[in-house]
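Undergrad: When you get a sec, could you build the whole thing from the sequences and use the hints?
Going line by line, the protein sequences match chains F and H.
In the working numbering, each residue carries its 1-based index in the first sequence increased by 10.
In the working numbering, each residue carries its 1-based index in the second sequence increased by 671.
What the hints contain is simulated information worked out from the structure, not anything from laboratory work.
Each residue gets a CB set at the ideal place from its N, CA and C atoms; glycine is no exception.
In the EDC-like style, the derived pairs of lysine to aspartate or glutamate whose C-alpha atoms are separated by at most 20 Å in a straight line are: (1) H:K674 x H:D960; (2) F:K181 x F:E128; (3) H:K783 x F:D27; (4) H:K783 x H:E742; (5) H:K783 x F:D28; (6) F:K181 x F:D220; (7) F:K63 x H:E846; (8) H:K783 x F:D71; (9) F:K63 x F:E213.
Stretch by stretch, here's where chain F covers chain H in the computed footprint (C-beta under 8 Å, at least three residues): (10) 778-785; (11) 851-858.
Here are some of the chain H residues that sit facing chain F, going by a computed Cβ distance under 10 Å: (12) T818; (13) D819; (14) P910.
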Amino acid sequence: MDLLGRIADDLELGLNDDVRTLVRQAIDARLSASTILNDGLLAGMAVVGRRFKAHEIFLPDVLLAARAMHAGLELLEPFLASEDVRPRGTVILGTVAGDQHDIGKTLVGIMLRGAGYEVVDLGIDVDPETFVDAALEHRASIIGLSALLTTTMPAMGVVVRHVKERQLAGKIQTLVGGAPVTREFALEIGADAYAYDAASAVETVEALMDSRRC
Amino acid sequence: MLKRLMSGDRLVGDGAWGSLLMARGLPPGACPDAMNLQRPEVLEEIAAEYLEAGADLLTTNTFGGSPLALERYGLESRVEEINRRGAEIIAGVTGGRALVSASVGPSGRILKPYGDTDPGVVGDGFRRQVAALAEGGADVICIETMTDLEEACLAVDAARLEAPGLPVMASMTFEAIPRGFFTVMGVSVEAAVVGLCDRGADIIGTNCGNGIDLMVSIAEELARHSSVPVLVQSNAGLPVADADGVVYPEGPEFFSDRITALLQLGVAVIGGCCGTTFDHVRVIRRQVDRWIDERPTV
Numbered sequence: 011m012d013l014l015g016r017i018a019d020d021l022e023l024g025l026n027d028d029v030r031t032l033v034r035q036a037i038d039a040r041l042s043a044s045t046i047l048n049d050g051l052l053a054g055m056a057v058v059g060r061r062f063k064a065h066e067i068f069l070p071d072v073l074l075a076a077r078a079m080h081a082g083l084e085l086l087e088p089f090l091a092s093e094d095v096r097p098r099g100t101v102i103l104g105t106v107a108g109d110q111h112d113i114g115k116t117l118v119g120i121m122l123r124g125a126g127y128e129v130v131d132l133g134i135d136v137d138p139e140t141f142v143d144a145a146l147e148h149r150a151s152i153i154g155l156s157a158l159l160t161t162t163m164p165a166m167g168v169v170v171r172h173v174k175e176r177q178l179a180g181k182i183q184t185l186v187g188g189a190p191v192t193r194e195f196a197l198e199i200g201a202d203a204y205a206y207d208a209a210s211a212v213e214t215v216e217a218l219m220d221s222r223r224c
Numbered sequence: 672m673l674k675r676l677m678s679g680d681r682l683v684g685d686g687a688w689g690s691l692l693m694a695r696g697l698p699p700g701a702c703p704d705a706m707n708l709q710r711p712e713v714l715e716e717i718a719a720e721y722l723e724a725g726a727d728l729l730t731t732n733t734f735g736g737s738p739l740a741l742e743r744y745g746l747e748s749r750v751e752e753i754n755r756r757g758a759e760i761i762a763g764v765t766g767g768r769a770l771v772s773a774s775v776g777p778s779g780r781i782l783k784p785y786g787d788t789d790p791g792v793v794g795d796g797f798r799r800q801v802a803a804l805a806e807g808g809a810d811v812i813c814i815e816t817m818t819d820l821e822e823a824c825l826a827v828d829a830a831r832l833e834a835p836g837l838p839v840m841a842s843m844t845f846e847a848i849p850r851g852f853f854t855v856m857g858v859s860v861e862a863a864v865v866g867l868c869d870r871g872a873d874i875i876g877t878n879c880g881n882g883i884d885l886m887v888s889i890a891e892e893l894a895r896h897s898s899v900p901v902l903v904q905s906n907a908g909l910p911v912a913d914a915d916g917v918v919y920p921e922g923p924e925f926f927s928d929r930i931t932a933l934l935q936l937g938v939a940v941i942g943g944c945c946g947t948t949f950d951h952v953r954v955i956r957r958q959v960d961r962w963i964d965e966r967p968t969v
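TA: See below:
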């Protein structure tokens, strides 16, 4: 099998030492950093995302694959910079109000980083101004909002409104998710997108980013 | 407690706490467990009402009382106070009429190699929490809402070490996927039963994550694999959005027949989780009492 296919396969298995070795070989073989990233690391991660969504694998497998992704990416980064390959985009993430269950949002962050996005995770209990300030500071075009408590869901609407009040609608898009959140609720509060789970969040972010390029 | 369960007795747990704390003034973003220090009268009021509804077990407000969970609020130095007070408050209400079920929830961290947290740190944290709960008057340690078997086992170890005289319940949260029930970390029901029993849990079970119909299916699987008593604490369904916010769809009477189904499966401890109310506990009490009355004596 070719080098890139082996990188993708080993990444799927979470073999970070092997991924590191193969990425170094690929660099030495003068493959471009963007090819190694797209056809090796990201190709492997895409399979991991699909299999996770299909319940064929579980969170620990995703976490190990993401770790392997980082191992490879670390080596590639200087080359990506010199090829002027920029990250696929930046996403701000946070839970809108105090919530003990922040694993969902953390998982979305892991999956997005795995898919090659920059992620700024603001943690839990984040107020609307902080979300928008962070988006401006990091030049992020998407804010991902999480809520697990029924009582904190309305705070998502407050963030969406705040984006509009600061005349940033369109420039900054909002993506909402979390166990009690539904597509209907997302529409009602005027969010730009809704994701059912972490794997769909990645697809949704990709769709939002694509729609901006057109 | 274990003797009672082994001889065929059934115990009734309580219901949800978090939503009741919010309805009584816990601000969004505040640490629920800190209410033990700031507003003990609120906890006393809720516990008294669950006791009145017929609960045999009253849960302490210490779900997020491990140092790693409290660290998110900068309260890790107050682990001992928060947990000891949590148990003392409930013990003050039960006055021996119910058992103080000392809640130990997940650390909120992911253990190495999958995450960045050293299992030793998590285990030491649970030991601090359990020691304080025991000192405060816990009757049983209730490890709940776990999704990682290793973390659940670390909590069982902590309970065994720091509260050697107390029974240990260990409960995990499963979700239904096409090929069966698994935790989000990929632990099957059978693996959970085997792992937790091997580690020395006295009662094993499931809580949260599902409405009661799926909990009956999970209980069936738990009962098939377990040689120790089984615990089930069901949500009142999964939350759905409505005009005023969000509601849990399964009312107390919806629980009624399903409680009997759980009793028939041999489930020993039945209570509620998210979305359940005092009225759910009343229905559980009623069904358990009926079942005990109608059961042929052996």
